[in-house]
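For the record, the sequence lines run as chains A and B.
For what it's worth, numbering that gives the first Met the number 0 labels the leading residue of the first sequence as 0, then goes sequentially.
For what it's worth, numbering that gives the first Met the number 0 labels the leading residue of the second sequence as 0, then goes sequentially.
No lab work stands behind these hints, which were simulated from the structure alone.
Cβ atoms here follow ideal geometry from the backbone N, Cα and C, with glycine treated the same way.
Misleading hints may appear alongside valid ones.
[Claimed, not checked] Going by beta-carbon spacing under 8 Å, a handful of chain A positions derived as facing chain B:
(1) P32
(2) M35
(3) V36
(4) S272
(5) Q274
(6) G275
(7) P276
(8) Y279
(9) M280
(10) L283
(11) T290
(12) D296
(13) V305
(14) Q307
[What the hints assert, rightly or not] Ranges of calculated distance between the beta carbons of each label pair, as one might list FRET restraints:
(15) V206/A to V80/B: 54 to 62 Å
(16) K37/B to D33/A: 37 to 45 Å
(17) T188/A to M35/B: 57 to 65 Å
(18) K163/A to G125/B: 34 to 42 Å
(19) D33/B to V206/A: 40 to 48 Å
(20) K163/A to T318/B: 43 to 51 Å
(21) G108/B to D296/A: 58 to 66 Å
(22) K218/B to D221/A: 55 to 63 Å
(23) G189/B to S114/A: 36 to 44 Å
(24) T44/B to D33/A: 54 to 62 Å
(25) E270/A to D221/B: 22 to 30 Å
(26) M35/B to V206/A: 45 to 53 Å
There are 2 protein chains.
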Amino acid sequence: MKARNPQDRSDLMSLSKPTDAFTNRQVRLAARPDGMVKADDFTLTEEAVPSPGPGQFTVALSHISVDPAMRGWMNAVASYVPPVEIGAVMRAGAIGTVSASEHSDFAVGDAVYGSFGVQEHALSDGEGVTRIDTSLAPASTYLGALGITGLTAYFGLFDVGRIKAGDTVVVSGAAGAVGTVAGQIAKLTGCRTIGIAGGPDKCRALVDELGFDAAIDYKNEDVRKAFRQHAPGGVDVYFDNVGGPILDAVLTRLARGARIVICGAVSQYNERSTQGPANYMALLVYRASMTGMVVFDYEDRYPEAVAQLAEWLDAGKLTHREHVVHGTVHDFPVVLRKLFTGENTGKLILKL
Amino acid sequence: MKARNPQDRSDLMSLSKPTDAFTNRQVRLAARPDGMVKADDFTLTEEAVPSPGPGQFTVALSHISVDPAMRGWMNAVASYVPPVEIGAVMRAGAIGTVSASEHSDFAVGDAVYGSFGVQEHALSDGEGVTRIDTSLAPASTYLGALGITGLTAYFGLFDVGRIKAGDTVVVSGAAGAVGTVAGQIAKLTGCRTIGIAGGPDKCRALVDELGFDAAIDYKNEDVRKAFRQHAPGGVDVYFDNVGGPILDAVLTRLARGARIVICGAVSQYNERSTQGPANYMALLVYRASMTGMVVFDYEDRYPEAVAQLAEWLDAGKLTHREHVVHGTVHDFPVVLRKLFTGENTGKLILKL
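Only chain A is shown next, with the shape it has when bound in the complex (with noise of 0.2 Å):
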């Protein structure tokens, strides 16, 4: 199967049958990866559609999100999450429409997002699991800027970063789900607003169609050097998605009091040991703080953000990136090592 999305360029060669009602192909977890993750790291496996017990229902998966959190809960090491079990289908966020209920609150039909994982069918208890409004929103907006990756961008702005009016707000994986839009959440709370993102085409997609104040390409430019030009006051808060030598770039060039925000450290997690920021003592001398975020912590206020980002969404000012790609769930090992080979841009989903 090919892709066939107009946005994808390359060429997914799964060898899977079609989908149909009674197989459930799923991707299961065989191995730790070692270094960069590879599709022999995951079993693709296909077992009978699961029927829904008394307080059960069953979806039937449409879009899955991929993350690069995923490569994290590959590792054995216990973090926010437990680990995916060897032999446990990968842990995804997903959304999909009931396709059998035995739950009360749970009809068929309903669109409902979940951590469903990588497969074509889950069977779920409810738990975690909301009701998406896909009149209101295309379905994918709500893994996107109305999901996990906008609440991320928000929660980590706002809370964390505690971004105001005037600051200088860099954000590095700029180009990524959760930078295009804490790029965009900045600059609409008016912040200058820097993005650093891979290569001049996403460089300029965030100054030209995203209006960030500037961009600067980490692959072909001298970080430091470029923001000395772009940030010459310092950085006031620093959304972090990237760690690595971004991160210590721009411990150098922070505002006294700046806040740096751990969101992320995308340049790591394929590595075999974690390079730590060997400017950190910068945090002592420009008075600054850096702090991890986990947007599950926030649960109890998604609606005052949803709120917002939907507004901002419906009056176009908060412009959702989407990167598609179609295929089944067998793709997802290509799909997923997009991430980490810089080819994608916005929120990656792969639409089964």
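Given chain A's structure and the hints, the job is docking chain B onto it.
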């Protein structure tokens, strides 16, 4: 001249002649150190004792503060203060007595604290100079528990670390000047207090003499294993004076919402390249923060802190540990090295 203090087991071999009233012996920065600081990085000079002009006064110094931060001031890199220039008198906090004055606020005989430098006589216009009351506490205490040392521990713990009763607080460099005070303040606040220091003697003193709940000997113990024993519920506040592998070890044992106070990184000051904390993504896992602090930012609140510290000292609740080396200013390079070889306990002072 030999060291005369029984606390000091090193043999200082200063060849200088004794102090006289006309000669001002000084230590000037000769070179930017490459790695560990050495005697050659300084020039020992002599010049005539200055005479105060209008609005000036001279101070005959008695106690020079010897601090890890000095190593940073010797580098070319601007930090929270500018570097000491090559050829300039080495920067140092010191205490002395006004010996001649053309300044309306300072009279001959006044005991004063200021950044007077490593020399016997300093000329001052009063900027940043404070009078001290030697009837309340010995002069040297104003370099230690009632000086920058005690204030650093106080604001670092209360303002940046936000310690509260019941917290598990870890202090590294616990046998050092700031560390000994920090651990005692944490204990007085009702925290479970764990010190990290090098060698069984230092560790024993922390527990037996200063009231720490536990001490970890990083030279002879597996620090991570010791944490599992002493801080089974994780570390709420880490007051870091050392950086390096100990910071990395603590990062693996944080409690949810932990605060790391970056006060210093003495293990790294003499290294050609700084080791960044490879485990910094623990900040995300534990929703923790790492914040740099410089005591000078709290200047308007020094009186509040000094009052509290003096009350504790007076009540015998806070023990002031001093390591006094008797010598001339020309012994300074040898004394400074003690900070980096683990030879000192408590506040290191060169008494002239």
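Evaluated hints:
1. Given the 8 Å rule on beta carbons, the hint for P32/A is violated: about 17 Å separates it from the nearest Cβ of chain B.
2. Because the smallest distance between the Cβ of M35/A and any Cβ of chain B comes to about 18 Å, over 8 Å, the interface hint for this residue is violated.
3. With 8 Å as the threshold, the beta carbon of V36/A stays out of range of chain B, its nearest partner Cβ sitting at about 17 Å, so the hint is violated.
4. The interface hint given for S272/A is met, as the beta carbon of that residue sits about 7 Å from the closest beta carbon of chain B, less than 8 Å.
5. The criterion of a C-beta within 8 Å of any C-beta in chain B is met by Q274/A, whose closest approach is roughly 7 Å, and the hint holds.
6. At its closest, the beta carbon of G275/A sits 3 Å from a beta carbon of chain B; the interface hint therefore holds under the 8 Å criterion.
7. The closest approach between the C-beta of P276/A and any C-beta of chain B is roughly 4 Å, which is under the 8 Å cut-off, so the hint is satisfied.
8. Hint status for Y279/A relative to chain B: holds, with the closest Cβ pair at about 5 Å, below 8 Å.
9. Taking 8 Å as the C-beta cut-off, the interface hint given for M280/A holds, the closest approach to chain B being about 6 Å.
10. The closest approach between the C-beta of L283/A and any C-beta of chain B is roughly 3 Å, which is under the 8 Å cut-off, so the hint is satisfied.
11. The beta carbon of T290/A comes within 4 Å of a beta carbon in chain B, closer than 8 Å, and the hint placing it at the interface holds.
12. The beta carbon of D296/A is positioned within 8 Å of a beta carbon in chain B (closest approach about 6 Å), and the interface hint is therefore held.
13. Hint status for V305/A relative to chain B: violated, with the closest Cβ pair at about 22 Å, above 8 Å.
14. For Q307/A, the shortest C-beta to C-beta distance to chain B is roughly 23 Å, which exceeds 8 Å, and the interface hint is violated.
15. For the hinted restraint 54 to 62 Å between V206/A and V80/B, the CB-CB distance of approximately 38 Å leaves it violated.
16. Evaluation of the 37 to 45 Å hint for K37/B and D33/A yields a pass: the beta carbon distance comes to about 44 Å.
17. Distance hint check for T188/A and M35/B: the Cβ-Cβ separation is about 48 Å, which falls outside the suggested range of 57 to 65 Å.
18. Between K163/A and G125/B, the C-beta spacing of about 39 Å keeps the proposed range 34 to 42 Å intact.
19. Range check, D33/B to V206/A: Cβ separation about 43 Å, and the 40 to 48 Å hint holds.
20. Remark: the range hint 43 to 51 Å for K163/A to T318/B is upheld by a beta-carbon distance near 44 Å.
21. A hinted range of 58 to 66 Å for the beta carbons of G108/B and D296/A is consistent with their spacing of about 60 Å.
22. With their beta carbons about 42 Å apart, K218/B and D221/A fall outside the hinted range of 55 to 63 Å.
23. The supplied range of 36 to 44 Å is met by G189/B and S114/A, whose beta-carbon atoms lie about 41 Å from each other.
24. Restraint check, T44/B to D33/A: a C-beta distance of roughly 59 Å satisfies the suggested window 54 to 62 Å.
25. Distance hint check: the CB atoms of E270/A and D221/B are about 25 Å apart, consistent with the given range 22 to 30 Å.
26. In this structure the supplied range 45 to 53 Å holds for M35/B paired with V206/A, their Cβ-Cβ distance being about 48 Å.
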